[in-house]
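Visitor: All chains should be built: construct the whole structure from the sequences, respecting the hints.
Numbering (this note's numbering), first residue to last: 1 to 253.
These are calculated hints, taken from the structure and not from any lab test. We treat Cβ as the ideally placed atom computed from N, Cα and C, and that holds for glycine. Among the hints, a few may not be true.
Claimed, not checked - Here are the simulated SDA-like pairs of lysine to any residue, each with C-alpha atoms no more than 25 Å apart in a straight line:
id, residue 1, residue 2
1, Lys223, Ser152
2, Lys204, Ser152
3, Lys204, Ala164
As the list claims (entries may be wrong) - Pairwise CB distance ranges, derived in the manner of DEER restraints:
id, residue 1, residue 2, range
4, Asn42, Arg202, 36 to 42 Å
5, Glu175, Ile200, 19 to 25 Å
6, Phe52, Phe199, 36 to 42 Å
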Amino acid sequence: MKSLLPLLLLILAACGGEATYGPETVTISGHVTDFDGNPIDNSIVQIKHRDFSPAYQTYTDKNGYYSLEVEKGRYAFMYVIRPEEYPRNNAVPTEDMRLEFWAWNLIADRDMTIDPRYHKLELYGTTVFGPIGGYDGLMIYFRPMSVTKNVSYADEIFTDKAAAERKTDVSVRPEYLEVRVMADGEELNVNSITPVEEFIGRGKPTITGYLVQVDAPTSPADKPYIVFRVEAGNTEYGERGENLYFYELPEYN
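Guide: See below:
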């Protein structure tokens, strides 16, 4: 045993003098509400891999709070929904159906608070990017989807994923779309909102996405990324929705 002591000391010294106990973790927690501040209990809060398989999952408590301990790293998505309210489940009256909240390109490098709000407008496929050259601003792309338009079709259509993708149009018309964008809490000026007809697969109708140009944030970032919050409204049906995107700041030589 004594002959092993020098070897153990050498290993500890190489590790900085401290034993290691596996992956480092962070806590993601928050409060899930509607847009009026009412808590939403029994909602799934799930962090997903790129192939949509779950990495971590929990549920909100009776007051809408949740907490997840996750391994540090980058995850493709986080989403939140109360399952019985999802239209395809057809478990509640249509007026009570809602779609999901999403956070995209989730960078879990520290403890953080994410307070999702969701209603009847889902903002899907959000991406933020900064064109090089020209105006010093940022572009945001997303696809808003209306639950009211979804459930206006027959039950056998909106409850069947394949039929819904072939036959339904859940897009928001440009004249009814309202958009706000925040970057780490700073509201940004929206310079233009341009509709884009996006191809989503053969045999399926196109869906209308939107390319939004905003001013660059004026506040310096205190971390290597900026959290963008995109809020949107569909004035045709009084729907609202929001999501997040973790925009990693580019580094150049």
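Visitor: Please check whether Phe52 and Phe199 have a Cβ separation lying inside 36 to 42 Å.
Guide: Given a distance of about 20 Å, which is not inside 36 to 42 Å, the answer is violated.
Visitor: Using the beta carbons of Glu175 and Ile200, state whether their distance is inside 19 to 25 Å or not.
Guide: With Cβ atoms ~22 Å apart, the hint holds.
Visitor: Could you see if the CB distance from Asn42 to Arg202 stays within 36 to 42 Å?
Guide: holds, 38 Å
Visitor: Please verify whether Lys204 and Ser152 have alpha carbons no more than 25 Å apart.
Guide: Distance ~18 Å between Lys204 and Ser152 Cα, so the pair holds.
Visitor: Going straight from one Cα to the other, do Lys204 and Ala164 come out at no more than 25 Å?
Guide: holds, 9 Å
Visitor: Regarding the pair Lys223 and Ser152, is the alpha-carbon distance no greater than 25 Å?
Guide: violated, 44 Å
Going through the hint list in order, the structure does not satisfy hints 1 and 6.
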